[in-house]
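Participant: Chain by chain, the residues run as shown.
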Amino acid sequence: MPPRLKLFLPLILFAILALFLLRGLELDPKELPSALIDRPLPEFSLPALGEEKTLNRVSVTGKAALFNVWATWCVSCRVEHPYLQQLADNGVPIYGINYKDENAAALKWLDELGNPYLANIVDAQGTLGLDLGVYGAPETYLVDAQGVIRYRHVGVVDDRVWKTLLEPIYQQLLQGGSP
Amino acid sequence: MIPEIGHFALIMALALALILAIVPAWGAWCRNVAAMSLAPGLAMGLLFFVSISFVCLAYAFLQDDFSVKVVASNSNSLLPPVYKFSALWGNHEGSLLLWALILCAWTAAVALFSSQLPLLVLSRVLSVMGGVAVGFLSFSLLTSNPFERLLPSIPSDGSDLNPLLQDPGLIIHPPLLYMGYVGFSVAFAFAIAALLGGRLDAAWARWSRPWTNVAWAFLSLGIMLGSWWAYYELGWGGWWFWDPVENASFMPWLAGTALIHSLAVTEKRGVFKSWTVLLAIFAFSLSLLGTFMVRSGVLTSVHAFATDPARGMFILLFLAVVVGGSLTLYALRAPTVSSRVGFSWVSRESLLLLNNVVFLVATLTVLFGTLFPLIMDALAQGKYSVGPPYFNAVFVPLMALLAPFMGLGPVSRFKRDTLPRWTSELLVPAVAAIACGLTLPLLHGEYNLWVALAVTLAGWLLLGLLKDLWFRIGGGRDIPTGLRRITPSYWGMFLAHLGFAACVIGVVATTQYSLERDLKMSPGEREELAGYEYRFIELAAVRGPNFVADEARFEVWSGSELVARLAPQKRRYLATGSMMTEAAIDPGLFRDLYVAMGEPIGEEGAWAIRLHYKPMVRWMWLGAIFMGIGGILTSFDKRYRTQRSTSRSSATGAAHATQA
Chain X
1 MPPRLKLFLP LILFAILALF LLRGLELDPK ELPSALIDRP LPEFSLPALG
51 EEKTLNRVSV TGKAALFNVW ATWCVSCRVE HPYLQQLADN GVPIYGINYK
101 DENAAALKWL DELGNPYLAN IVDAQGTLGL DLGVYGAPET YLVDAQGVIR
151 YRHVGVVDDR VWKTLLEPIY QQLLQGGSP
Chain W
1 MIPEIGHFAL IMALALALIL AIVPAWGAWC RNVAAMSLAP GLAMGLLFFV
51 SISFVCLAYA FLQDDFSVKV VASNSNSLLP PVYKFSALWG NHEGSLLLWA
101 LILCAWTAAV ALFSSQLPLL VLSRVLSVMG GVAVGFLSFS LLTSNPFERL
151 LPSIPSDGSD LNPLLQDPGL IIHPPLLYMG YVGFSVAFAF AIAALLGGRL
201 DAAWARWSRP WTNVAWAFLS LGIMLGSWWA YYELGWGGWW FWDPVENASF
251 MPWLAGTALI HSLAVTEKRG VFKSWTVLLA IFAFSLSLLG TFMVRSGVLT
301 SVHAFATDPA RGMFILLFLA VVVGGSLTLY ALRAPTVSSR VGFSWVSRES
351 LLLLNNVVFL VATLTVLFGT LFPLIMDALA QGKYSVGPPY FNAVFVPLMA
401 LLAPFMGLGP VSRFKRDTLP RWTSELLVPA VAAIACGLTL PLLHGEYNLW
451 VALAVTLAGW LLLGLLKDLW FRIGGGRDIP TGLRRITPSY WGMFLAHLGF
501 AACVIGVVAT TQYSLERDLK MSPGEREELA GYEYRFIELA AVRGPNFVAD
551 EARFEVWSGS ELVARLAPQK RRYLATGSMM TEAAIDPGLF RDLYVAMGEP
601 IGEEGAWAIR LHYKPMVRWM WLGAIFMGIG GILTSFDKRY RTQRSTSRSS
651 ATGAAHATQA
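If you're matching them up, the sequences are chains X and W in order. Read in order, the letters of the first sequence are residues 1 to 179 in the numbering used here. Read in order, the letters of the second sequence are residues 1 to 660 in the numbering used here.
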């Protein structure tokens with residue numbers, strides 16, 4: 001290679017980098033699609049919070065429902081709790097996944113703040129969370145009647161999130177369609 | 001009215017920057033002395049107008065002018081005045097104005113302190129800096145105008161500064177960091193001017209060196225403050241996270257470290273010229289790339305600014321013009337003939353070349369790790385996040401590789417040295433360093449191989465430096481005279497290398513020996529950590545100017561001696577309702593004691609409490625301060641100032657212009 005051409009190498013490398021950066025502008029790094037979208041809820045067998053029974057995949061599926069990952073150590077969970085209660089009062093079925101938490105603290109929380117959940121899966125070791133690819137609490141999954149995950153929301157569920165993102169998909173799931 | 005004056009001044013500044021970018025460069029092209037002579041005056045005018053703009057925005061913040069959008073969204077009437085002022089740069093628009101102000105200050109400083117420069121070079125340098133200013137000022141005016149008003153519905157109060165930023169460290173961290181980032185634009189401008197003129201010589205390196213060293217010093221101090229802030233403010237005792245924004249500041253530092261060493265070789269020996277120019281372009285390009293990453297939203301980070309694709313596109317275009325343009329110029333103009341000045345493999349040149357390779361590889365690995373998530377996403381390979389394990393695995397061995405050669409550096413000679421001389425000079429330091437490594441970690445009680453290695457390397461650096469200093473002051477015959485002979489630039493190197501040694505020890509010791517316990521504690525309880533007894537005395541409710549807090553009052557006892565009273569807080573800021581952890585720290589040269597509050601547990605006043613014992617964590621920041629002082633000290637060297645009388649004659653331009 002002639003010596004002059006070698007001097008163009010930095011320019012070429014920069015051009016490649018710039019193309020990636022240009023592409024990067026169109027991508028949203030905060031969007032975290034779950035690897036499990038349109039895949040069945042993972043198999044599990046875990047205790048129910050405050051009840052003498054074991055929950056598994058079959059016992060929590062059958063109708064479209066929300067699966068909410070929460071913990072007492074999670075401040076944002078406290079923020080979204082009243083809204084979940086409101087949804088539950090309006091008849092939206094919500095299952096809780098009590099993620100890496102202590103049973104006593106979780107029971108006390110539900111006792112004080114109210115219990116919007118049909119049942120709570122105790123995921124003390126975070127194994128179900130690992131299978132789901134939980135990024136951090138709170139997270140909420142929409143699961144259809146066949147037990148297939150249809151949507152994942154990372155962060156707090158509030159009125160805006162519910163109305164614009166979750167409810168349209170939930171309504172479709174209720175009608176048996178897929179989003 | 002005041003914000004409109006600020007806005008107008010910013011527009012005036014842009015006009016002046018445009019003239020500065022075009023007229024003196026044109027003058028240099030066609031040897032028009034009158035056009036070239038305009039450059040220093042234009043640089044001063046530029047600084048004047050940007051300063052007016054900055055003062056107007058500061059005034060809007062201090063006067064709680066909530067009709068200005070950035071004030072309304074980043075300040076609050078309850079905020080203490082000093083934070084009202086620093087809130088100016090706690091947001092994208094204001095920090096961009098600060099950036100522009102610092103850039104113009106550097107430009108004016110070059111105009112002011114460069115009377116020994118040939119006019120031809122000075123006008124090119126200032127023109128390049130004017131061009132960079134055009135980019136940033138138009139970025140500010142076109143996409144992020146800080147003076148945008150919220151009219152007619154003016155909010156009654158502002159929505160407050162992010163509580164994380166309400167902190168003394170954050171008042172000076174961004175200005176220092178920007179001083180460093182932007183300072184590399186001077187080295188960049190000198191490099192471009194040299195390429196334009198086709199004269200890459202020792203004089204060029206001598207002119208850029210003091211500026212580059214000072215910029216590097218500011219960047220060192222800025223990064224250090226950021227790390228220190230993260231340590232005490234985020235509440236879990238971490239001091240470096242390899243977060244994209246931290247990497248954005250660290251990469252220019254790494255490239256800058258290579259640059260200051262490479263400039264030394266170019267000045268002293270006239271070799272590595274093309275390479276040094278490339279590094280100068282590289283260091284400033286990384287500063288711009290950092291700006292792009294922080295402000296465009298291409299990467300997730302805990303402290304990225306609110307982002308906007310239009311801004312991202314603007315910076316990317318700007319980046320393409322500046323970096324693409326300068327690399328094209330480099331490819332066309334850099335000398336291809338290798339220097340006739342040779343050097344043997346056993347020489348200081350080789351050691352500095354090795355320094356350059358290590359720092360360049362380190363920069364590229366950090367760059368690769370930072371951009372990897374973006375690259376994989378762009379190639380539709382899925383979402384990735386690259387965390388500390390990658391960075392530690394590549395970075396730590398590189399630095400460990402560097403240290404043995406770094407100890408040789410000061411003792412070595414340019415051009416040709418001999419291995420037997422190195423051996424005879426450094427055998428004693430080497431043996432002593434190994435002895436230190438074997439014994440000193442025992443003082444801590446628990447022997448740790450990593451600490452032993454770090455102590456050996458740091459000891460090697462220190463003893464090599466001392467040996468060299470001893471040699472330079474004449475081996476102790478006449479110490480006062482000998483010390484007076486030592487130049488500021490040597491002291492600067494000495495301090496900076498010493499600082500690096502302190503960093504090595506601090507980082508390794510605190511990583512290896514730190515202890516922490518997460519506990520549930522109630523008032524009256526006692527817990528033990530690393531030989532200290534932490535007594536939770538009482539819980540209190542306190543009120544600050546714009547927050548209320550729960551305060552846990554602790555006493556730390558060592559045996560029967562009270563070591564410290566610590567009062568960590570859990571604050572709730574009134575304007576936003578956000579919760580903040582305020583850790584309490586008892587600092588010490590050999591250990592920090594650190595208490596932070598988690599969440600309340602139950603009704604009886606019990607809290608989740610985190611206790612830390614952090615040995616030698618201060619050494620890391622102390623080391624960075626040494627590096628900063630060292631970098632600044634080098635610029636006081638007499639040889640950067642004595643050229644004045646001889647080059648005055650050529651400053652009229654004619655004599656020099658014909659040569660160039």
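These are calculated hints, taken from the structure and not from any lab test. Don't be surprised by glycine CBs; every beta carbon is placed ideally from N, CA and C. Treat the hints with care, since some could be wrong.
A short, non-exhaustive set of chain X residues, derived as facing chain W with CB atoms under 10 Å [said to hold, decoys possible]: (1) 12; (2) 13; (3) 18; (4) 25; (5) 27; (6) 56; (7) 57; (8) 58; (9) 62; (10) 100; (11) 105; (12) 107; (13) 149; (14) 170.
Participant: For the hint on residue 12 of chain X, just tell me whether its beta-carbon gets within less than 10 Å of chain W.
Facilitator: holds (9 Å)
Participant: Would the hint on residue 170 of chain X be counted as holding, given a Cβ-Cβ threshold of 10 Å to chain W?
Facilitator: With a closest approach of 25 Å, the residue 170 of chain X hint is violated.
Participant: Does the nearest C-beta of chain W fall within a distance shorter than 10 Å of the C-beta of residue 57 of chain X?
Facilitator: Residue 57 of chain X check fails; min Cβ-Cβ to chain W is 26 Å, beyond 10 Å.
Participant: Was the hint right that residue 100 of chain X lines chain W, CB cutoff 10 Å?
Facilitator: Constraint on residue 100 of chain X not satisfied, violated at 13 Å.
Participant: Take the shortest C-beta to C-beta distance between residue 149 of chain X and chain W; is it under 10 Å?
Facilitator: The hint is violated - residue 149 of chain X has no Cβ within 10 Å of chain W, the shortest such distance being about 17 Å.
Participant: Using Cβ atoms only, decide whether residue 27 of chain X comes closer than 10 Å to chain W, and label the hint accordingly.
Facilitator: Because about 5 Å separates residue 27 of chain X from the closest Cβ in chain W, which is inside the 10 Å limit, the hint holds.
Participant: Go through the hint on residue 13 of chain X and say holds or violated, using the shortest Cβ distance to chain W against 10 Å.
Facilitator: holds (9 Å)
Participant: Would you settle whether the hint for residue 105 of chain X is holds or violated, based on the nearest Cβ-Cβ distance to chain W being less than 10 Å?
Facilitator: holds (7 Å)
Participant: Less than 10 Å between beta-carbons is the criterion; does residue 62 of chain X satisfy it with respect to chain W?
Facilitator: For residue 62 of chain X, the interface hint is violated, since the closest Cβ of chain W sits about 32 Å away, which is over 10 Å.
Participant: Taking the least C-beta to C-beta distance, is residue 25 of chain X closer than 10 Å to chain W?
Facilitator: Hint on residue 25 of chain X: holds, closest Cβ of chain W at ~5 Å, below 10 Å.
Participant: Please verify that hint: residue 18 of chain X, Cβ, nearest Cβ of chain W, below 10 Å or not.
Facilitator: holds (6 Å)
Participant: Does residue 58 of chain X meet its interface restraint, that is, does its C-beta lie within less than 10 Å of any C-beta in chain W?
Facilitator: violated (31 Å)
Violation of the numbered hints given earlier is confined to hints 6, 7, 8, 9, 10, 12, 13, 14; the remaining hints are satisfied by the structure.
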